[in-house]
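K.L.:
Chain by chain, the residues:
2 protein chains.
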Amino acid sequence: MNNKAIGVFDSGIGGLTVYKALKEKMPGEKVIYLGDTARLPYGSKSAETIIKFSEENAFFLVDRNVKMIVVACNSSSSYAVPTLQNRLDIPVLGVIEPGADAAVRMSKRSIGVIGTTATISSQSYEKAIRERKSDIEIVSKDCPLFVPLVEEGWINHPVTRLVIEEYLLPLKEKGIDSLVLGCTHYPVIKDPIAKVLGDEIRLIDSAETVTEKVHSILKSLGWFSKSQKVQEDEFYVTDFPERFKRVGEIFLQKKINSVQVALF
Amino acid sequence: MNNKAIGVFDSGIGGLTVYKALKEKMPGEKVIYLGDTARLPYGSKSAETIIKFSEENAFFLVDRNVKMIVVACNSSSSYAVPTLQNRLDIPVLGVIEPGADAAVRMSKRSIGVIGTTATISSQSYEKAIRERKSDIEIVSKDCPLFVPLVEEGWINHPVTRLVIEEYLLPLKEKGIDSLVLGCTHYPVIKDPIAKVLGDEIRLIDSAETVTEKVHSILKSLGWFSKSQKVQEDEFYVTDFPERFKRVGEIFLQKKINSVQVALF
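From first to last, the protein sequence lines stand for chains Y and X.
Everything in the first sequence is counted per my numbering, starting at 39 for the first residue and increasing by one.
Everything in the second sequence is counted per my numbering, starting at 39 for the first residue and increasing by one.
Mixed in with the good hints, there may be bad ones.
[To be verified] BS3-like mimics (lysine-lysine), calculated; alpha carbons at most 30 Å apart, straight line:
no. : chain 1 : residue 1 : chain 2 : residue 2
1   : Y       : K264      : Y       : K212
2   : Y       : K251      : Y       : K264
3   : X       : K105      : X       : K63
4   : X       : K68       : X       : K212
5   : Y       : K228      : X       : K179
6   : Y       : K61       : Y       : K257
7   : X       : K212      : X       : K165
8   : Y       : K90       : X       : K90
9   : Y       : K267      : Y       : K63
10  : Y       : K210      : Y       : K68
11  : X       : K42       : X       : K283
12  : Y       : K283      : Y       : K42
13  : Y       : K179      : X       : K283
14  : Y       : K63       : Y       : K212
15  : X       : K283      : Y       : K90
16  : Y       : K165      : Y       : K105
17  : X       : K228      : Y       : K179
18  : X       : K179      : Y       : K283
19  : Y       : K42       : Y       : K292
20  : Y       : K58       : Y       : K292
21  : Y       : K283      : X       : K228
In case anyone wonders, no lab produced these hints; they're calculated from the structure.
Bear in mind that the values here come from a model prediction, so they are computed numbers and not experimental data.
Same shape as in the complex, but just chain Y (with noise of 0.2 Å):
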């Protein structure tokens, strides 16, 4: 298994915060990633069709030989991970389990949670959240705005601020003292969201707690790679593969050789 890629798939691009994070932690670890951008977004479809992607993408990944599978799309691991664990023999892990252990460790008091209307529809957060602390009060929100902004490129935008105030100032009313940013997207905006919530609220990206959480799976298991070079990582996209370089390069701050088409 050690020579064997970590197979990441998001809806789009969102997902290279994990990617990048992954690297970060495990730069000797071989990543290939999968963005769904044919069929993007899927925080405003249903459960069936999210579980429907979902197994599409994951076989993906499995055709290509990957040791274990990260779902990096918000959406995708509130409905998907527990019906792609029962379908594959190798390790799903989604991003809502780890972000549940960060929020419960970060929170004193109140845990704030937003994310795409399919995650919050889903309760997976409160869920995973309830099954760790029990008595810790919970308050979430859908934000549909967010996503478009930021591929609008409006993140110091005044536009993007009044949105911010109408969907999370009711939140701060509310007492929460940690925010979890339930989207790949949302850290792109983490500094507008913080200018509205101050200094005492903390947010929580899941893509640094993910991360640790692949870190044990791999270790717990003996499976990291042995390889003494460092591997080219593989890029897939349904759609648009030019675009995703273009801006996956600037969220990166380095060069992607190559995106390729995935067609399934």
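With chain Y fixed as given, assemble chain X onto it according to the hints.
P.N.:
What follows is chain X alone, placed relative to chain Y:
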């Protein structure tokens, strides 16, 4: 041909504006409507992907034995209509040509065109307008936040007003005297758009103009329905039939008996 249905497809629910206009003008015609809600939106996707999805939608309708296909989605109309016309032996009509007809008829000086990124990148409206009137000025702008704002239901909302101002005031300053609403979602925010632009700029919604064109095609072919009884229309979606039924009934102000899931 007479008693066959008219097929209409859209990436989602917005094409019901076209459905509604068709039924108002030709209540005797049966319509089979398909919304590709599992893969929406189309407006941020590539030409290749939009063509592929559009072909699958069209074949689904052809299998249901329709006499013609109306492509209600502007992004599909921009890229896929020539391919569909080549591949199918029934008439295929998009919304671009009828929209261009109306724009040229209503505009004296300068035409504004707004739409999704895909529609605007295709320059489909520009080409169609120039074919009709080569010397008219055209100013285009993609407005990617309008669809998510409409889907969020923020119609008369300060954020929507700010976004409209940011996208459209530069077009007003350039002196447009008409504006093509080149996306089926945009008529929903026609009022706030009119408030920002003022009375002098005429707003063009292609639902009505495409209906005129369907009427004239059926008339010239002698293909009008001869059925005396009211035929039950059929609605299909690729995801979320319950949501389509609920929102569609508000949209149409009438009951939709059933919405089925299209599998392909």
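K.L.:
Hint by hint, which ones does the structure fall short of?
P.N.:
1, 4, 10, 14, 21
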